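Participant: Each chain, letter by letter, is given below.
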Amino acid sequence: MTLTIILVCAAVLLALGPLAVALRHSRAVTQLVYGASMVASAVSFAAAIAHLLGAAAPESITLPVGVPWLGAHLRNDALSAFFLLVVDLGAMSASLFALGYGQHETASGRVLPFYPAFLAGMMLVVLADDAYTFLLSWEFMSLMSWALVMSHHRVPENVRAGYVYLVMASFGTLTLLLAFGLLAGSDGLYTFAQMRAAHPSAALGALVLILALIGAGSKAGLVPLHVWLPLAHPAAPSHVSALMSGVMTKVAVYGFVRIVFDLAGEPAWWWSMLVLAFAGVTTVMGVLYALMQHDLKRLLAYHTVENIGIIFIGLALAFKTHGMVFASALALTAALLHVFNHSLFKSLLFFGAGAVLTATGKRDMEHLGGLIHRMPQTAFAFLIGCVAISALPPLNGFVSEWLTFQAILLSPQLPVWGLKLLIPAVGALLALSAALAAACFVKVYGVTFLGRPRTSAAERAKETDSFSLAAMFFLAALCLVAGILPGLFIDALAPVSSALIGAHMPAQTSTQWLSIVPIAASRSSYDGLLVFLFMVISGTLAASAIHRFASNRLRRAPAWDCGYPDASPTTQYTAMSFAQPIRRVFGTVVFRAREHGDMPPPGSTRPARLTVELHDLIWETLYAPLAVGIGFAADRLNHLQFLTIRQFLSLVFGALVILLLVLAVWP
Amino acid sequence: MSGIDFDIAHLLAGSLVLVSFLELYQDRLYSLLNIYAAHALVLAASVAWQAFIQDAPHLYITAAIALVFKAIVIPVTLHRIIVRLGIHREIENVVGVGITMLAGIGLVALSMVVMLRVTREADPLAREDLAFALAVVLLGLLMMVTRRNAVSQVVGFMSLENGLVLAATGAKGMPLVVEISVAFSILIAFIVIGIFLFRIRERFDTVDVQALDRFRGERR
Amino acid sequence: MTFEGVTVNPLIGVLVVPAVAAALSAVLPDYRATARLNVLATTLTLICAVALLFAKPQPRSYLLIDDLNGTFIVLTTFVGFTTSIFSASYIGHELDIGRLTPSSVRFYHAMYQVLMFAMNLALVANNIGLMWVAIELATLTTVLMVGIYRTHEALEAAWKYFILGSVGIALALFGTILVYMAARPVVGEGLDAMVWSVLVTRAGAFDPALLDVAFVFLLLGYGTKVGLAPLHAWLPDAHAEGPTPISAVLSGLLLNVALYALLRFKMLLAANAAALTPGPLMVTLGLLSLVFASFMLYRRRDIKRMFAYSSIEHMGIITFAFGIGGPIANFAGLLHMTVHSLTKSAIFFAVGHVAQVKGTQRIADMGGLTVTHPVLGWGLILGVAAIAGFPPLGIFMSEFLVVSSAFAREPLLAIILVFGILVGVAGLFLQLNSIAFGEPRGPSAKPQASYVPMFIHLALVLVAGVYMPPVLVVWFQNVAGLLG
Amino acid sequence: MALTLDLTVQCAQMLLVLLLAPLFTGFARKVKARLLRRQGPSPIQPYRDLARLMRKDVVLAENASWLFRVIPYLIFAATWVAASLVPTFRTGLLFSWSADLIAIIALLGSGRFFLALAGLDVGTSFGGIGSSREVMIASLAEPAMIMIVFTLALIAGSTQLSTMAEFMASPEVGLRVSLGLALIALIMVAIAENARIPVDNPATHLELTMVHEAMVLEYSGRHLALIELSASLKLILYVSVIACLFAPWGLAPAGAGVEALAIGVTTYILKLAVGGFLLTLFETSIAKMRVFRVPEFLGVALMLGLLATLLRFVSGSF
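Chains as they are written, first to last, in our numbering: chain A, 1 to 667; chain B, 668 to 887; chain C, 888 to 1371; chain D, 1372 to 1689.
Simulated from the structure, these hints should not be mistaken for lab results.
Being a predicted model, the structure only gives us computed values, none of them experimental.
Here a beta-carbon is modelled for each residue, glycine too, at the ideal position from N, C-alpha and C.
Be careful, since some hints might not be right.
[Said to hold, decoys possible] Covered stretches of chain B, going by a simulated chain A footprint (3 or more residues, C-beta under 8 Å):
#, segment
1, 771 to 784
2, 806 to 812
[To be verified] If you anchor each label on the Cβ, the simulated ranges turn out as follows:
#, chain 1, residue 1, chain 2, residue 2, range
3, D, R1661, A, Q103, 45 to 55 Å
4, D, L1649, A, Y564, 39 to 49 Å
5, D, L1649, A, A202, 52 to 62 Å
6, C, E1326, A, K462, 27 to 37 Å
7, C, T1038, A, N638, 18 to 28 Å
8, C, E1326, A, W619, 20 to 30 Å
9, B, G763, C, K1333, 56 to 66 Å
Make a model of the complete structure from these sequences and hints.
Facilitator: Here you go:
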């Protein structure tokens, strides 16, 4: 029953696209489209929750569209229901945000038709039950998001970003197509049920894993294949980049989980090592890139790469090759919980960035500052997002990271030697990236919201509209609830992990005081609620005691500036200067960072100039040579266009002679 | 099919290949046209002989077309066009004559190997004919590839077409042979008219295909 | 099919109507009348073709209707019909800006109908010699139409097309003669040895070696018409210099008809077990043209020449699909042929509008199409997305089937195929970015011709991508079985 | 009955830690002064400073936002909650299972996060210097700390501090190389986190060198008092973690009677005294490093932690 409701919602969303084109001249089209998509995703969200919490049996429907002799199979099992829940929650909040944000959208004619179709595409990917429907909705999702990225096409960078994104998306889809080709075999068993029944051999499974890792990894943003993500996400309008970062990457994770955990059969021992290596590198590189940025949305996009790394660390530990089913169940639950948490706080942060963008018209942090006085509510919601993404208690980011650490701690019993050495290293990388993430978000919040406004645009900023604020506070509240009562969410994930791995974490709600216990109480437990209550009580206790017994008088005075006459706002720390110590520690190796100071000769009043030179090594060593290679090949082949007729004839003649020679030689 | 008929047919087909070789050797347009006329003549003889052996009257029409149209009308018109275009004294050859001849020999050997390997139980005449026809076709193509002048390329194409007619007549009882040769004649007529009608001369001041190519689309 | 009491056999109708129309338009003085006659003639032919589908006449010695050419006849006449609507307004505009004279327009419409006649004849011909003559006639008419503008480049393109086409046709004739030679000892002399329906039943007994040589010549002969890689040289210039409706017909239909002829002969070889499988030949040519054409997209400066190379790329994919063989790949090949001709002709309609609106075909001089002409711009983007193989349009399904079935059988070839497709998509969108997006460049006149044909085609491609009518599926499947 | 006893012990623990913290800082300053052969203020001087600061009124910068005024209470709450969960004189505290060692480190992390934000809020460059250096140090100290936690968790089989302490007190812990490495790494991280001499000089006001002081430069009155108190709480937290893990003798077991608690308290105070003396001895014997040599210092700590974990992962005996 729930599946039909969800499909109706998807159909409504698909119908909204042409409707938006038809009504493009009417004034209320923005409100209509976003309102309708919010309602549709809300209904579908309710259906998904009903299915997941009710632990209902998987339903499936076959529509007569698609490959003629196959039809389109759609199925809503526990895994799909969870990811559908994540997609619809993101869609709902993005549409709510867009109700307010959409007013300021200049190219709304290019955003409205594709936005609901993008949502429908994501929902269908999660429900697809055969290779054709899966890839169709996967590629349709990419096409729609490409169109959204290209909505501000007058800016050349956006056009380039859209182009890189589309080429990488096609590359990813074709890799997945090869993976499905392997699973389907030569007589075309394309439905997932047939693929599961076929029980692929170990070698086939390994190849499918590699192809899925490349295909889904490129859409999710694993490091060597992440280059499009920081280009495309900032180029899209804010509510779309929130969806792309927070939700589309999760649909890519769903693709990986569905192919590798569900269809690819028994995992081999080295699978987790491969995924772990990719994940560890992704986590650290993502956050190091983010630290070097001063464009707000690019920084958040790079952080998506980091959090995808964390999710894939959880997935890597979730392979059940080592017989320790509970450890795998814990790791999978940790990964899925981080999927949910990340979609919450990443969307919240992108909404905040969107609100700042509309208020000041600027994305570059170096031109912002002091927004906490002018946009207090946005600042508060953004602060909650920053604390959550930096994995600090009592919010939800810490819970999933803590579970991942517990999964890592369970691994010494693993028989595989390689894992014994790789896992502590990845544990160290995870801890390092958590600390660097906290540093990065101190920079983001401090430079953007605190301090004094660095430009007049930041000075004239005003608070955003109520819809955007509603969306932001809705997500902030969810972050807090997921941080305080993680047990509820972990129990909701139990059917998913038992479907995929056959076991799930011990029921959390039975433990006292709603704390979460990964394996056994004696081993480790964490109680979000109590820690939060303790902090609130001790904080208010201290405040009231001091205000009653000690003084509560307060007066304002100019800040201490070592006696300099006019402390202009430019003396404040900027994003690049804040990251300078960390850049000096990590940057020289990872980005070949060099600083060139050029001091004026004594007596001249020319300002000194400090230039920082950073290289994106991955782009320069992997993608630039590829583009140069294709350009070179295109140039060489281009000469074939300008031959004389005689030379073309000699081509034909050569082909004929070669074929005849082949015939003569052939037995 | 008694021995003598086979030998004569064999002789005529072989001589056609020989004339094709001669054409390869020529580098002056006048002599090229004369050799082509001879080429058409031999073809007409061979088709007539085939008509006699297979006592298929319609082949006589093809022989007549070959004789009248290809041996006389086309060379004369081309002759007059060359004089009008004033290119009769040009000597042009892209690849050295020696290399062209060697390539020609290679091609004949290739066609022999391909064709003889093919038909063992079919009657020998058809097999021989096809081998020679393939040789003439390949030589015609070689000529088109190694010549720079548009008219000599057309002559190459026409000798290629003669090879086809030889093959068609060699295939005993093949219907539509006449229609095909008529279609080809129209095609050749188009070419000749094409040279004249498109006033290649006035447009490009020369019929040298090299000049023609300067006006390729999307100049580099 | 009774028609006011006159029982007109649709098979004859499909051929007679264009022939009569050609004669009439050569005679009619006023060019506007010939334009309307052109549209009327193509509508009548379309009706006959559709009628043909239901009243399946028995194969006769010269004409044959079976599942394979049933669909292609309808496709050809339909695209001919929509192109005639487009060309009516397009040619009118070309006349206004003086690129064509009224007499040349009359000549153009006559040649258009002769081309329709030739293609229909080639599709329904049962006699392989007749099929050869029909394709030869089609080549001649397109040569004349390509050269209709009388500019230097047009003449050079026509001349190149003429020479290469004639060489191709000569090779095809040699192949046909060889097929006859192979058939003669088994089927007996005379007409029967040229009748395809007889040949396909008796092909098992032919001499395999002769069939192989024949197929080589046919592959190279008709391959030139299909525009496969080493033989493609005429195609880009013919598309770029000829009038746009002719590029649409050339790209959409003539390539299909040539490939259809090749498929007829592939069926012969498939029936003969001993003959060398044509698979490897077609696969190599297909991959060669796919990868070659994909790389050529990058440096193109003329919009029509770019889409010509895209046609070569897709013909490469289709030939690869038939080369791979197997029911799924063959079905995908047939589907790809149908959907490609619809999409490519739609794109050429759009390109025709763009050329008229921007007054030039050079990509560097046009830009920001979605800003100046939103409907045309987004139509072109939809067309390019369809040709690049994005869902939910038809080509995605055929590429899905080809790649997945190919990877299961020959992984290495499938990887080259995927590489070619990816490079092609990257090249196509690189050019599209400069045409459709960014700041508007170049003049932007008001478009005359109607967008209706373009959007009809794209709607059909969308339908083919989502829901295939079952009757079409059944035809394609049993033809896929025949193809081996 | 047991619940009330546990509750009283828990409250006793929270109060004990709160009261002892300033004393411990005062004692450390006194010992340092004596080692430098000068008189030095009395150990209870910090209490007088706190009382003085509490009475003074707060001088806020014009640009300071509401966050600037809330942060001291947040930091104090986080640090106090963390400190109250560390077993000092008795293991098995009532609320010890609500947060394990990783959660305690994370609580300190959020304290540091807000302190860094406070530094940036005022909008002068001093706060920026302090915050950027603080997060650089934290970005190396935290992974080292997590590595230490991994080592200890693998040895003790749990990340709960009380179970670890009980395991450390039990005989089967034995002498292990990884424990030695973990101890050295923990000491180095403690020094870095509490801004002691080699990493940062707590007593200085020289802009170029200070890290922790730069962030709190703008605080005054009761806010400054709270931050000073949190700093000393954090110091005593680290010392008691080292004590309970690496010197667990005298820790009263879970249900122990009054006299066991008394022994526990006395040994705890003794351990504090020894810890304070050793800390100041180490501080006076070493000069402050340049800020950009701190990464190598903390790099050593991270390597030691990683080595300890690797040894632990590789085989049970290490």
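Participant: Next step is simple, just say for each hint if it's right about the structure.
Facilitator: Okay, the hints, checked on the actual structure:
1. 771 to 784: Contact hint for the segment 771 to 784 of chain B vs chain A: holds, 6 residues under 8 Å.
2. 806 to 812: holds (count 4)
3. R1661(D) - Q103(A): 45 to 55 Å: holds, 53 Å
4. L1649(D) - Y564(A): 39 to 49 Å: holds, 42 Å
5. L1649(D) - A202(A): 52 to 62 Å: The hint (52 to 62 Å, Cβ to Cβ) holds, given that L1649(D) and A202(A) are roughly 57 Å apart.
6. E1326(C) - K462(A): 27 to 37 Å: Hint holds: Cβ distance 31 Å, inside 27 to 37 Å.
7. T1038(C) - N638(A): 18 to 28 Å: holds, 23 Å
8. E1326(C) - W619(A): 20 to 30 Å: holds, 27 Å
9. G763(B) - K1333(C): 56 to 66 Å: This hint holds: roughly 60 Å between Cβ atoms.
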